[in-house]
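There are 2 protein chains.
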Amino acid sequence: MKIGIVNASSRFDPARGEAIEAFMAQRFPDRSVSVVLHPSLYSKHGHFGGDDASRARAFIEFANDPRLDAIWFARGGYGSCRIAEAVVPRLNDVARKKRYLGYSDAGSMMALMYKAGFTGLAHGPMASDAVRDPAAAERALAWLTRGEALEWEPSLAADPRPAVAFNLTILDQLVGTALEPDLSGHVVMIEEVSEALYRVDRMMFHLTGQASIRRIAGLRLGRVSDVTPNDPEFGLTAEEIVRYWCDRSGIAYLGTADIGHDRMNKVVPFGPRG
Amino acid sequence: MKIGIVNASSRFDPARGEAIEAFMAQRFPDRSVSVVLHPSLYSKHGHFGGDDASRARAFIEFANDPRLDAIWFARGGYGSCRIAEAVVPRLNDVARKKRYLGYSDAGSMMALMYKAGFTGLAHGPMASDAVRDPAAAERALAWLTRGEALEWEPSLAADPRPAVAFNLTILDQLVGTALEPDLSGHVVMIEEVSEALYRVDRMMFHLTGQASIRRIAGLRLGRVSDVTPNDPEFGLTAEEIVRYWCDRSGIAYLGTADIGHDRMNKVVPFGPRG
Numbered sequence: 001m002k003i004g005i006v007n008a009s010s011r012f013d014p015a016r017g018e019a020i021e022a023f024m025a026q027r028f029p030d031r032s033v034s035v036v037l038h039p040s041l042y043s044k045h046g047h048f049g050g051d052d053a054s055r056a057r058a059f060i061e062f063a064n065d066p067r068l069d070a071i072w073f074a075r076g077g078y079g080s081c082r083i084a085e086a087v088v089p090r091l092n093d094v095a096r097k098k099r100y101l102g103y104s105d106a107g108s109m110m111a112l113m114y115k116a117g118f119t120g121l122a123h124g125p126m127a128s129d130a131v132r133d134p135a136a137a138e139r140a141l142a143w144l145t146r147g148e149a150l151e152w153e154p155s156l157a158a159d160p161r162p163a164v165a166f167n168l169t170i171l172d173q174l175v176g177t178a179l180e181p182d183l184s185g186h187v188v189m190i191e192e193v194s195e196a197l198y199r200v201d202r203m204m205f206h207l208t209g210q211a212s213i214r215r216i217a218g219l220r221l222g223r224v225s226d227v228t229p230n231d232p233e234f235g236l237t238a239e240e241i242v243r244y245w246c247d248r249s250g251i252a253y254l255g256t257a258d259i260g261h262d263r264m265n266k267v268v269p270f271g272p273r274g
Numbered sequence: 001m002k003i004g005i006v007n008a009s010s011r012f013d014p015a016r017g018e019a020i021e022a023f024m025a026q027r028f029p030d031r032s033v034s035v036v037l038h039p040s041l042y043s044k045h046g047h048f049g050g051d052d053a054s055r056a057r058a059f060i061e062f063a064n065d066p067r068l069d070a071i072w073f074a075r076g077g078y079g080s081c082r083i084a085e086a087v088v089p090r091l092n093d094v095a096r097k098k099r100y101l102g103y104s105d106a107g108s109m110m111a112l113m114y115k116a117g118f119t120g121l122a123h124g125p126m127a128s129d130a131v132r133d134p135a136a137a138e139r140a141l142a143w144l145t146r147g148e149a150l151e152w153e154p155s156l157a158a159d160p161r162p163a164v165a166f167n168l169t170i171l172d173q174l175v176g177t178a179l180e181p182d183l184s185g186h187v188v189m190i191e192e193v194s195e196a197l198y199r200v201d202r203m204m205f206h207l208t209g210q211a212s213i214r215r216i217a218g219l220r221l222g223r224v225s226d227v228t229p230n231d232p233e234f235g236l237t238a239e240e241i242v243r244y245w246c247d248r249s250g251i252a253y254l255g256t257a258d259i260g261h262d263r264m265n266k267v268v269p270f271g272p273r274g
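Chains as they are written, first to last, in the working numbering: chain G, 1 to 274; chain H, 1 to 274.
With the rest of the complex left out, here is chain G (with noise of 0.2 Å):
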């Protein structure tokens, strides 16, 4: 079992690479599971993990490879939303087959192959996360060798309707593009970090005034983690101001969701779960 990991965002940093790989040998001394860096792993273009062409051609060569069993993102930052139109016309049937893990910006990414029909796509640990904190690397792992429940977020369980989660931010800033998925009839879970609480709401605003966002099955809120302070304070809550969002614009708030840009961060498979 072959784990290749890509960067479609921000600058990698090559000492959290090598600690993935130390942590894998370590992990899997047999090597029955490994993973494998993609050569460009490391490329830097200004705020970039390589240029917008580059970190596309790494995608989609990982994706499309026979000899890799699943893809891991291997940090977010910024960037997958320049490159994933590029990226996901290209894939072909073997990518179609594999399973992914992400979260963060690597959401952009995601929803566009969501909506391209991937059936494989889940969010949760990255790469950059399974070095800090090994129950994240368990948890991830068991999604990408075997998709297995045992982490998967709480309410998976007692609700059957098909869910996605994303970075609330990266959410808002994909609604009407060519990256959004049809989301109509989901449980759509949100995180935030280090925004502050003024923009949360102006991000609450946006998200749940689009028509397509009113279709969904309900909004669950996982953590909303380094608040920037808000001078005077913002008056409400980040679950205070999700609420008030949903109950103005009809959409059903389901209660919080074990998600966060975190360790406890659970997975969260797209679509339907068979």
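Mixed in with the good hints, there may be bad ones.
For identical chains, the list gives no copy identity; a pair is met inside one copy or between any two copies.
Unchecked claim - SDA-like, lysine to any residue: derived pairs with alpha carbons at most 25 Å apart: (1) Lys115 with Gln210; (2) Lys44 with Pro232; (3) Lys44 with Leu236; (4) Lys2 with Ser32; (5) Lys115 with Ser212; (6) Lys44 with Gly250; (7) Lys115 with Met1; (8) Lys44 with Thr237; (9) Lys115 with Arg214; (10) Lys44 with Ala116; (11) Lys2 with Glu138; (12) Lys97 with Ser225.
Note that these hints are calculated values from the structure, not bench results.
Following the hints, complete the assembly by docking chain H onto the known chain G.
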């Protein structure tokens, strides 16, 4: 000539309001032009200058009042998207005959007013700017009292097409919502303040990815100021970012615009010019 000052957004500092009154008393000792501050101008409600209901009521009262000749937004910040849908349907024929002036967060309100057919809207210095810069005050008053073209954004003189101007974040966060006016065939000017370049890039992805925005006549870029540091350097300037997304989406990039969050912010009347 009486100009009503209302606040649709964040808390407004009483010292700023008193400075506006003092400026106007000195500038117009005969009170031929004067300002009227709404009684709730200094209200506080968490982040906001009063709760949504009181800010909405204040705007409706002043806009609909036949004793006031024009309406001047006190300041920006955040909050007018929360009340625009409650305000605009309640504005009467008196309100429709007035001129309005503001920018930044006021853009959310003006977007819906423009959609509703208001013809007296302009992007330009707010009351809070006027007390910091006499030239900005004169420019604002020239619009509010006479609709005067002298201090309009200079490209308007050579381009007869209808125009609008918005803060990029504000426009980005209202596309697809009930607030979005039909900007087909319009020259759209944007400006930004206090955002990192990766965010400007992401907003341009989102904005230029909208089918509605692809129908505009073209984009002009105002000043992008107080840019939040990007680590590492983003690799493109703000203008290069805007050109990139215009090229990619088939939107004409028309050059710069003399607007921004600063004292040079020129006036851009919304829509066709007579």
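Structure-based check of all given hints:
no. : hint               : result
1   : Lys115 with Gln210 : both (17 Å within a copy, 17 Å between copies)
2   : Lys44 with Pro232  : between (39 Å within a copy, 10 Å between copies)
3   : Lys44 with Leu236  : between (40 Å within a copy, 14 Å between copies)
4   : Lys2 with Ser32    : within (8 Å within a copy, 80 Å between copies)
5   : Lys115 with Ser212 : both (14 Å within a copy, 21 Å between copies)
6   : Lys44 with Gly250  : neither (44 Å within a copy, 28 Å between copies)
7   : Lys115 with Met1   : neither (27 Å within a copy, 57 Å between copies)
8   : Lys44 with Thr237  : between (38 Å within a copy, 17 Å between copies)
9   : Lys115 with Arg214 : both (18 Å within a copy, 22 Å between copies)
10  : Lys44 with Ala116  : neither (29 Å within a copy, 48 Å between copies)
11  : Lys2 with Glu138   : within (15 Å within a copy, 68 Å between copies)
12  : Lys97 with Ser225  : neither (34 Å within a copy, 47 Å between copies)
In summary, the structure is inconsistent with hints 6, 7, 10 and 12 from the numbered list given earlier, while agreeing with the others.
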